[in-house]
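Asker: Sequence:
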Amino acid sequence: MRLPALAVFALTFLSALAHAQAPTAPPQAFVADAPATTLPMRQSRATLKDLGIDYEITLRGIQGTAGVPFSVRSDQVVQRASLHLKYSYSPALLPDLSHLKVTVNGVTVATVPVPAEDAGRELERDIDIDPRLVTDYNRLNLQLIGHYTRDCEDPDHTSLWANIDRSSYLELGWAPLPLTDDLSLLPVPFFDPRDTGRLVLPFVFAGRPAHPVLQSAGIVSSWFGALAGYRGARFPALLDALPLEGSAVVVATGRNPPAGLQFPELRGPTVAVVANPNDPHGKLLLVLGRDEEELRVAASALALGTPLSGSVATIDGFKDAEPRKPYDAPNWVPSDRPVRFAELVADTSELNVAGYHPDLVRIGLQLPPDLFVWRKEGIPLQLNYRYTLPEGADKSALNVSINDAFVTTLPLNGTVYDSSLSRQALHRLKPRGRMPIRQPLVLPTGPFSANSQLRFHFFFDRPQAGACKNTFPDVSAAIDDDSTLDLSGFHHFIAMPNLAAFGNAGFPFTRMADLAETALVMPDNAGADDIGNALTLFGRLGAASGYPALRNQVIGATQVEEFADRDLLVLGSRRTQPLFERWAAHLPIGEGAEGRRFRLSDWAYEKLPAFFSPDGRRTDLPTTAEVTVRPGPGDVVLMGFESPLREGRSVVAVLAEDPGQVGRLFQAWFDPALLAKFQGGVVLLQGEKLLSLQGNQTYHVGRLPPLVAAQWFFGHSPVWLGVLLVAVALLLALIARWLLRWRARRRLSVGN
Numbered sequence: 001m002r003l004p005a006l007a008v009f010a011l012t013f014l015s016a017l018a019h020a021q022a023p024t025a026p027p028q029a030f031v032a033d034a035p036a037t038t039l040p041m042r043q044s045r046a047t048l049k050d051l052g053i054d055y056e057i058t059l060r061g062i063q064g065t066a067g068v069p070f071s072v073r074s075d076q077v078v079q080r081a082s083l084h085l086k087y088s089y090s091p092a093l094l095p096d097l098s099h100l101k102v103t104v105n106g107v108t109v110a111t112v113p114v115p116a117e118d119a120g121r122e123l124e125r126d127i128d129i130d131p132r133l134v135t136d137y138n139r140l141n142l143q144l145i146g147h148y149t150r151d152c153e154d155p156d157h158t159s160l161w162a163n164i165d166r167s168s169y170l171e172l173g174w175a176p177l178p179l180t181d182d183l184s185l186l187p188v189p190f191f192d193p194r195d196t197g198r199l200v201l202p203f204v205f206a207g208r209p210a211h212p213v214l215q216s217a218g219i220v221s222s223w224f225g226a227l228a229g230y231r232g233a234r235f236p237a238l239l240d241a242l243p244l245e246g247s248a249v250v251v252a253t254g255r256n257p258p259a260g261l262q263f264p265e266l267r268g269p270t271v272a273v274v275a276n277p278n279d280p281h282g283k284l285l286l287v288l289g290r291d292e293e294e295l296r297v298a299a300s301a302l303a304l305g306t307p308l309s310g311s312v313a314t315i316d317g318f319k320d321a322e323p324r325k326p327y328d329a330p331n332w333v334p335s336d337r338p339v340r341f342a343e344l345v346a347d348t349s350e351l352n353v354a355g356y357h358p359d360l361v362r363i364g365l366q367l368p369p370d371l372f373v374w375r376k377e378g379i380p381l382q383l384n385y386r387y388t389l390p391e392g393a394d395k396s397a398l399n400v401s402i403n404d405a406f407v408t409t410l411p412l413n414g415t416v417y418d419s420s421l422s423r424q425a426l427h428r429l430k431p432r433g434r435m436p437i438r439q440p441l442v443l444p445t446g447p448f449s450a451n452s453q454l455r456f457h458f459f460f461d462r463p464q465a466g467a468c469k470n471t472f473p474d475v476s477a478a479i480d481d482d483s484t485l486d487l488s489g490f491h492h493f494i495a496m497p498n499l500a501a502f503g504n505a506g507f508p509f510t511r512m513a514d515l516a517e518t519a520l521v522m523p524d525n526a527g528a529d530d531i532g533n534a535l536t537l538f539g540r541l542g543a544a545s546g547y548p549a550l551r552n553q554v555i556g557a558t559q560v561e562e563f564a565d566r567d568l569l570v571l572g573s574r575r576t577q578p579l580f581e582r583w584a585a586h587l588p589i590g591e592g593a594e595g596r597r598f599r600l601s602d603w604a605y606e607k608l609p610a611f612f613s614p615d616g617r618r619t620d621l622p623t624t625a626e627v628t629v630r631p632g633p634g635d636v637v638l639m640g641f642e643s644p645l646r647e648g649r650s651v652v653a654v655l656a657e658d659p660g661q662v663g664r665l666f667q668a669w670f671d672p673a674l675l676a677k678f679q680g681g682v683v684l685l686q687g688e689k690l691l692s693l694q695g696n697q698t699y700h701v702g703r704l705p706p707l708v709a710a711q712w713f714f715g716h717s718p719v720w721l722g723v724l725l726v727a728v729a730l731l732l733a734l735i736a737r738w739l740l741r742w743r744a745r746r747r748l749s750v751g752n
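According to our numbering, the sequence shown is numbered sequentially starting from 1.
Hints are computed from structural coordinates only; laboratory data are not their basis.
Accuracy of the hints is not assured; some may be wrong.
[Said to hold, decoys possible] Pairs of lysine-lysine, BS3-like flavour, derived with a Cα cap of 25 Å:
id, residue 1, residue 2
1, Lys86, Lys101
2, Lys49, Lys677
3, Lys677, Lys689
4, Lys101, Lys49
5, Lys86, Lys49
6, Lys49, Lys689
Values in this document were obtained by computation on a predicted structure and should not be read as measured data.
Use the sequences and the hints to build the structure in full.
Answerer: Quick look at the structure:
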């Protein structure tokens, strides 16, 4: 029977519509043949703080909105989702006209009522989310629909608010999704950029690895560390054993496969992906070579992003990367030229805002930690921005800050702002409203740290409206991506040791992003914990620089003399690391009868007579105090000092009698609140307590021009400045005396 044309069209349309609304299956190239049995469901939980919201969300106004992005790993299928909401709201909200609206990817999943009896209280509520709404990249929106009166209302009234606690969490129930053995998916599944949690990726070796093998593993771990970035990464080591579950990296030569694993036939440097024999959902990334040199090539090719495909790839015609230059780490703001904002943000759309209550424009700045800012007014900033010109004179303004430190306010009046009244009057003679506004600024250096955030907040003052008028002109603003920040006028010079610079930026090792001037000194008979600590350390340096450690060097204590011209990272205990005994006189802590003692001093005035000290405190007391430091068996000491082998070179050592305890130091390192306590020359981790101590050893890294060096030296050494002035005065007096005598002899000779 033939259907009428209209019926055929209707059936076709309905079929296409049903197909469009069906859940989208993952691309087949990514998915292996799934088993017929139902996959077990696992659970994960992430608080709003874990998702990047490290503050309490405050929704204001009649339609206050906040968005929280979240994502799902490529190897997970979401089967259940829920939001545990912790919130409070204003007692002024009218319950029948107000509510909280929760949406996921634009679809409403819940409307939360605001009854008057619960107003002002801390409340909790579980909200189920249809798992079919959850895709790879998602956005959870929280919106306040608020009203405080049935008559005319001010849309920005202070009584219109609701708070969302950052401990609210999103819970997902998911099943593992089998992936094909395909190198083109890398770094998935070993690292997935959609995963906001900490990366924990074991490295497998066939027995205790030789130093060249560990160097290649360091290249790979630093690459994964750079990918993980802010998330942090740990790399436990397994010796001759595969993980019982999950994924791992195997680094080995063809002649030494780990137990339970067979390698493909090797024809050169090889990278492969195979299933984990112990876990059908886990993968093993094989980095292989017939010898240590081929292994290094395989690791370098992987870290540099050489295109790979299939389950096994042999690296042919590999060309090493060019040596890096000082301070050219990809994560650092270049210090040899002006830098455009377009280079500092992942997407220039982040520089645009709209509405009367826009979010901040944030620009991350990772500065070289050794910028010499002495006697500098600040960092030059050429700020170019545009905005909707307000109607008439109002309070609209652009607030500029560094982290939480206020810098300046620029009025949005259509002209360039100048603190000089005369120049400001000249600016007002120019045509008003010409965009973009080109505003030169100088940013103070005080609020900056190794990792800072430059923040711009546009505030638009609503125009005065007539009675019951709630609609206003649309407003928007943008920071132009051709705005520039210029560090080229700063020299590189810093007082050391400085564990804040090491903790935040990996300095001085990351001065060369490929670690070409770094050597890692392993303990004797290093165990799995020592090896895992070394790989995690390489990962932290990779996260700081954004570049793999292609030229790292792993050595033993007997080889340090050969690498005297490098900065040294030293791992081990007093039993396993001979350098701690050999360099005992140079360590900032020493072994004494009453424990390890650490000297504290006011080093700036330590060598001056007491009456020269401008310090307002008592000067008849000794400036040096001795503090007894007693690290226990489970304590960890991070210390920095000048290399005993070469002046101007640095040593950072991790001392722990139990290498398994070093993981606690890394946990503190990953915590921004504890990382802020990494200061001075020694960081001591005792149980849950972290202490930072500044010793009396000081040396300097970097160079200053002769004139600047002289000014800085005498500016910090008033006694030597006085000695110099006396010497110059004596010299001038001697020259004047000689000239006067010479002139007198000449007059006498002429008279005769």
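Asker: With reference to the structure, classify each hint as holding or not holding.
Answerer: Consistency of the hints with the structure:
1. Annotation: proposed proximity of Lys86 to Lys101 holds, straight-line Cα distance about 14 Å (limit 25 Å).
2. With a C-alpha separation of about 21 Å, the suggested pair Lys49 and Lys677 falls inside the 25 Å cut-off, and the hint holds.
3. A threshold of 25 Å between alpha carbons decides the hint, and for Lys677 with Lys689 the separation of about 11 Å falls inside it, so the pair holds.
4. For the hint pairing Lys101 with Lys49, the CA-to-CA distance comes to about 20 Å; that is within 25 Å, so the pair holds.
5. Using a Cα cut-off of 25 Å, the hinted pair Lys86 and Lys49 holds, with the two alpha carbons roughly 13 Å apart.
6. Pair hint Lys49 plus Lys689 holds up; C-alpha atoms about 23 Å apart against a cutoff of 25 Å.
Checked against the numbered hints given earlier, this structure breaks none of them.
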